[in-house]
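Novice: The lines below spell out each chain.
2 protein chains.
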Amino acid sequence: MNAMINRQVIVDNLPAGLPEASNFRMENGEIPVCGEGQFLARCLYISVDPYMVGRLKVSSAAYTAGVEPGDVMQCYTVSEIIESKHADYKVGDKVYGSYNMQDYAIGDGSEVIVRVDTDLLPLEAWQGLMGMAGQTAYWGLETIGQPKEGETVLVSAAVGSVGSLVGQIAKARGARVVGITSSADKCKQALETFGYDAAITYRDTDGRAFTPTELTAKIKEACPDGIDVYFDNTGGDISEAAWPLYNLRARIIICGRIAVSHLKPGEPDIGLRDQGFMIASRIRKEGFLVFDHWHKAAEAVGPLAALVKEGKLNYQTDVMEGIENAPLAFERMLRGHNVGKQIVKVA
Amino acid sequence: MNAMINRQVIVDNLPAGLPEASNFRMENGEIPVCGEGQFLARCLYISVDPYMVGRLKVSSAAYTAGVEPGDVMQCYTVSEIIESKHADYKVGDKVYGSYNMQDYAIGDGSEVIVRVDTDLLPLEAWQGLMGMAGQTAYWGLETIGQPKEGETVLVSAAVGSVGSLVGQIAKARGARVVGITSSADKCKQALETFGYDAAITYRDTDGRAFTPTELTAKIKEACPDGIDVYFDNTGGDISEAAWPLYNLRARIIICGRIAVSHLKPGEPDIGLRDQGFMIASRIRKEGFLVFDHWHKAAEAVGPLAALVKEGKLNYQTDVMEGIENAPLAFERMLRGHNVGKQIVKVA
Chain A
88 MNAMINRQVI VDNLPAGLPE ASNFRMENGE IPVCGEGQFL ARCLYISVDP
138 YMVGRLKVSS AAYTAGVEPG DVMQCYTVSE IIESKHADYK VGDKVYGSYN
188 MQDYAIGDGS EVIVRVDTDL LPLEAWQGLM GMAGQTAYWG LETIGQPKEG
238 ETVLVSAAVG SVGSLVGQIA KARGARVVGI TSSADKCKQA LETFGYDAAI
288 TYRDTDGRAF TPTELTAKIK EACPDGIDVY FDNTGGDISE AAWPLYNLRA
338 RIIICGRIAV SHLKPGEPDI GLRDQGFMIA SRIRKEGFLV FDHWHKAAEA
388 VGPLAALVKE GKLNYQTDVM EGIENAPLAF ERMLRGHNVG KQIVKVA
Chain B
88 MNAMINRQVI VDNLPAGLPE ASNFRMENGE IPVCGEGQFL ARCLYISVDP
138 YMVGRLKVSS AAYTAGVEPG DVMQCYTVSE IIESKHADYK VGDKVYGSYN
188 MQDYAIGDGS EVIVRVDTDL LPLEAWQGLM GMAGQTAYWG LETIGQPKEG
238 ETVLVSAAVG SVGSLVGQIA KARGARVVGI TSSADKCKQA LETFGYDAAI
288 TYRDTDGRAF TPTELTAKIK EACPDGIDVY FDNTGGDISE AAWPLYNLRA
338 RIIICGRIAV SHLKPGEPDI GLRDQGFMIA SRIRKEGFLV FDHWHKAAEA
388 VGPLAALVKE GKLNYQTDVM EGIENAPLAF ERMLRGHNVG KQIVKVA
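In the order they appear, the protein sequences are chains A and B.
Using the working numbering, the letters of the first sequence correspond one by one to residues 88 to 434.
Using the working numbering, the letters of the second sequence correspond one by one to residues 88 to 434.
Watch out, some of these pointers could steer you wrong.
Repeated chains share a single entry, so a pair holds when one copy, or any two copies, can fit it.
Straight line, CA to CA, 27 Å or less: simulated DSSO-like cross-link-like pairs of lysine-lysine [as the list claims (entries may be wrong)]:
no.: 1; residue 1: Lys383; residue 2: Lys235
no.: 2; residue 1: Lys351; residue 2: Lys305
no.: 3; residue 1: Lys307; residue 2: Lys351
no.: 4; residue 1: Lys177; residue 2: Lys235
no.: 5; residue 1: Lys177; residue 2: Lys432
no.: 6; residue 1: Lys383; residue 2: Lys172
no.: 7; residue 1: Lys144; residue 2: Lys307
no.: 8; residue 1: Lys275; residue 2: Lys258
no.: 9; residue 1: Lys144; residue 2: Lys177
no.: 10; residue 1: Lys258; residue 2: Lys396
no.: 11; residue 1: Lys235; residue 2: Lys396
no.: 12; residue 1: Lys399; residue 2: Lys177
It is worth saying that the hints were derived from the structure and are not from the lab.
Make a model of the complete structure from these sequences and hints.
Specialist: Dropping the structure here:
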């Protein structure tokens, strides 16, 4: 334990395209002092998630305040309270919250998303399954997707940290789940580890992306009864290919746009307009951000833990060691090289 | 009264682009015979509406069965029952329903949308205000738009049969209403006749369509507090221009696509993808078809008539005389040459 050093991941420069490790540098900061009504939290695990790309953008449609060069990089962590002057938190308590990429941070409880209960699930599960990924999957399905028994749920980035949970939660509700992934290996994982009923790739074995028409044909084969819910983690051409296949009153959760992350700020995302399909099938499409649901995050803990206990929910974590590797873990996750939820073990 | 002749508007040939009068011909058909549980309805007024374009398409995303050459053209009418063997309908009753473009049709009540009550509003109002246009405006706002007091509601095709009612209903609910139209004259009408708080055109006085960027700037000026509800009657570039201006949790009613009616069957509608905006502002967008709401059409009659009585709802009808002119009235409406709801007086 580096008791006297507060290692911090600092934003060195803003990325032109997709962020990489070279956008960050390490610094040693002060150990912050805990005042009345506050506690000192020590980081155990860092979570790296796609939303962090938006934090590193100057303008564009950023939905929260971003970071600037010189700032500590924002992130969620699982942290342990090592000193407390707060009535509701005692030393030894563990929390999941926004403490950013550093060894030590001050909290006052307002930044806590959920309290970590390792009797319910092991420590690692609180970063992905109980954290951003699981809450996104759970509330996206609960509030927008609402899959019914026998319906078909299509999931893009199907074995990603969010997608892998979406498929299993929807399946536990009686839906038929179909995944879209980037490779045959990931399809295998979708079927064998995450219980998808069918899985397809959006590109051929040579890495050539299928045209929307080709992809539509592949999705149609995997979804013979059409699509009732689409959990859209990618945007771009992949989403476009699904349009002709929606059933009456289908629901679309717009959750991510990783497929168009190559676009520069201000560069328009051009593709197929959807109004014709939306009217014909009275489709509902809604933008989703998990931050809107943080206040009820504790409600999802019970149902998610129950699914794990019933053997209906597998989750995987991909652990990298050392806070200094957090930028690399972030880069890796953005390029889809992780297997399971990418986290970083700090202490 | 041509008692012995059943004049019918027959589909002569399917249009390649936007339908015109030459796609139809007149024929004299048989007077149908009224059986038990049925009634004979005589057409008084024909309504011509944009959805009828979809009825004339062979393939594409048509949402109901279409017509073929040789068929009587589909439409809604206000008709009077002149013979009845049905317990619930008596001679002299007037109904709004799907009796198609002909003098006489048989009904059994299943095709009745609402019963016409001329004590409440005059006959002409039951075709537009109480019919498809009014029901579309009412239920689109009721089920998807849900404007709240002080919110900004943007309406495209703002003085059209639907748009002109949307603006007034939303305004009666306390919203600020802004209209988009095709000409300075229509803007004037939007402000003076239909009570819009602001109105803009989507093209300049020489008829050149503004670019999305130019139009965005114009909408922004008219909507200084952003957009909370967009009643989208046009699709195309006009809709695209609104994307940067949505407020958090805005609602979009996808009701029509007249701006892209030049597209041939199968020709893709290409434009700006909206996923980025939808996530950033957690926008809800939903396809709307009034047919889903016909079963509760009678519920809207009271509230709409009340608004008229309170002087909060102006409606206009543009009446053409003679069933033989129904194709021309249809052509005229599709080209936006009507002033108020286009109907045809038949008897």
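Novice: 27 Å Cα cut-off: does Lys144 pair with Lys177 within a copy, between copies, both or neither?
Specialist: neither (37 Å within a copy, 69 Å between copies)
Novice: When no copy is named, should Lys383 and Lys235 be tagged within, between, both, or neither for a Cα gap of at most 27 Å?
Specialist: Cα proximity of Lys383 and Lys235: in one copy and across copies (23 Å, 25 Å).
Novice: When no copy is specified for Lys399 and Lys177, does a C-alpha distance of 27 Å or less occur within a copy, between copies, both, or neither?
Specialist: neither (34 Å within a copy, 61 Å between copies)
Novice: At 27 Å max between alpha carbons, let me know whether Lys383 reaches Lys172 within a copy, between copies, both or neither.
Specialist: For Lys383 and Lys172, the Cα distance is within 27 Å only inside one copy (25 Å; across copies 60 Å).
Novice: Using 27 Å as the alpha carbon limit, work out where Lys351 and Lys305 are close: within a copy, between copies, both or neither.
Specialist: Between copies, since 25 Å is at most 27 Å while 30 Å is not.
Novice: Please work out whether the CA atoms of Lys275 and Lys258 approach to 27 Å or closer within one copy, between two copies, in both situations, or in neither?
Specialist: within (17 Å within a copy, 55 Å between copies)
Novice: When Cα atoms must be at most 27 Å apart, do Lys177 and Lys432 count as within-copy, between-copy, both, or neither?
Specialist: Cα proximity of Lys177 and Lys432: one copy only (23 Å, versus 80 Å across).
Novice: With identical chains treated as interchangeable, where does the CA-CA distance between Lys307 and Lys351 reach 27 Å or less: within a copy, between copies, both, or neither?
Specialist: Between copies only: 24 Å across chains, 32 Å inside a chain, cut-off 27 Å.
Novice: Quick one: Lys235 to Lys396, C-alpha cut-off 27 Å, is that within a copy, between copies, both, or neither?
Specialist: Close inside one copy (22 Å), not across copies (44 Å); limit 27 Å.
Novice: For Lys177 vs Lys235, is the C-alpha pair at or below 27 Å within one copy, between two copies, both, or neither?
Specialist: The answer is neither: 42 Å in one copy and 44 Å across copies each exceed 27 Å.
Novice: Reference check for the pair Lys144 and Lys307, CA-CA at most 27 Å: within, between, both, or neither?
Specialist: For Lys144 and Lys307, the Cα distance is within 27 Å only across copies (24 Å; inside one copy 37 Å).
Novice: Give the relationship of Lys258 and Lys396 under a CA distance limit of 27 Å: within one copy only, between copies only, both, or neither.
Specialist: within (16 Å within a copy, 53 Å between copies)
Violated hints, listed in ascending order, are 4, 9, 12; each of the other numbered hints is respected by the structure.
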